[in-house]
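Participant: Listed below are the residues making up each chain.
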Amino acid sequence: MLGIVVAAHGGLAQGFAEAIELIIGVQEQMEFVNLQPGMSPEDLKNILMTAVKAVDTGDGSLIAVDLFGGTPCNVALTITAEVEAVCLTGVNLGILLEAIGIRDNGADPQEIAEKLVEVGKEGIQQLKIS
Amino acid sequence: MAIALIRIDDRLIHGQITTKWIAHANANRIMIASDRIVQDKIRKSVVELTAPKSIKTEVVTLAEAIEKLTGPLAGENCKVFVICVSPDEVLALKQGGVAFNQVVIGNMGAMGSIEPATRVTKSVLLTGKDRKDFNELLELGVKCEIRVIPSDRPVDIVRLL
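First to last, the sequence lines map onto chains A and B.
Using my numbering, the first residue of the first sequence is number 1, and each one after it goes up by one.
Using my numbering, the first residue of the second sequence is number 1, and each one after it goes up by one.
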């Protein structure tokens with residue numbers, strides 16, 4: 001199945017890890033990478049590449065990042081040029097839960113990412129009881 | 001083309017830049033002026049993929065940048081946010097006749113440098129060559145200030161060389 005790595009600023013990725021564990025428990029083939037103060041893009045790339053290789057068991061991987069154009073995104077992009085991985089930006093909890101649910105359906109990383117973009121957007125709604 | 005702002009940042013376009021500096025500089029175009037980036041297919045692709053969709057972004061060599069920035073104006077309402085990865089590139093622009101007298105320094109991480117570098121601020125590492133290049137820029141009358149985001153208090157590089 002598709003490996004998943006979440007990479008984000010500060011403790012955000014760790015936050016997603018805790019939220020996922022609370023809802024559905026610790027997941028396999030899933031790693032969380034935190035961009036800490038003082039970490040250079042090269043440091044981050046080494047850590048991220050190690051995580052990507054750890055979760056990929058032959059079906060490729062998804063690198064889910066918090067912010068389009070941020071350092072985790074840009075570093076993840078350089079990794080997608082080197083291994084079988086797709087970068088998904090603006091990740092939210094709904095996307096990650098869906099990703100865990102559909103990642104062994106046999107589709108390739110790009111198709112799964114496309115579906116996740118849809119699901120991510122659907123999860124963003126304005127609600128009020130009046 | 002009018003230069004809205006020149007910035008040295010080896011992270012090129014990334015979160016802080018796109019959200020704050022472009023608005024601050026009132027720029028409607030981004031130009032990455034760097035021979036190094038033109039030749040680095042992967043970093044060039046990262047720029048092309050992550051440039052804000054609402055603004056025209058180009059990655060050009062220093063020679064092309066000099067031509068565009070000193071040639072006849074390509075439209076009066078063209079305000080360019082220029083990004084270089086190191087002071088030697090900014091120096092080349094100045095020596096090539098591009099008119100500007102200040103540069104903002106963001107992130108300098110001594111990426112790809114074999115020379116030892118010392119950290120002078122949270123976001124800036126300088127090699128011996130960087131110091132030499134900044135001194136030349138200062139001699140040419142270019143004020144060089146470190147500011148990661150527009151609201152930061154500027155730190156004049158002259159104090160840290």
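For the record, the hints were derived by calculation from the structure and aren't laboratory data.
From a predicted model like this one, the values you see are computed outputs, not experimental measurements.
Some hints here could point you the wrong way.
[Stated by the list, open to error] With a straight-line Cα cutoff of 25 Å, these simulated DSS-like cross-link-like pairs (lysine-lysine) come out: (1) 41(B) - 53(A); (2) 44(B) - 45(A); (3) 68(B) - 41(B); (4) 53(B) - 115(A); (5) 122(B) - 45(A); (6) 45(A) - 41(B); (7) 53(B) - 121(A).
[To be verified] Incomplete in silico selection of chain A near chain B, CB under 10 Å: (8) 9; (9) 10; (10) 11; (11) 15; (12) 19; (13) 40; (14) 41; (15) 67; (16) 68; (17) 73; (18) 77; (19) 81; (20) 82; (21) 89; (22) 126.
Glycine residues also receive a C-beta, built at the ideal position from the N, C-alpha and C atoms.
Participant: State the violated hints by number, sorted upward, taking the hints as numbered earlier in the document.
Facilitator: The structure breaks hints 9, 10, 11, 12, 22; every other hint is satisfied.
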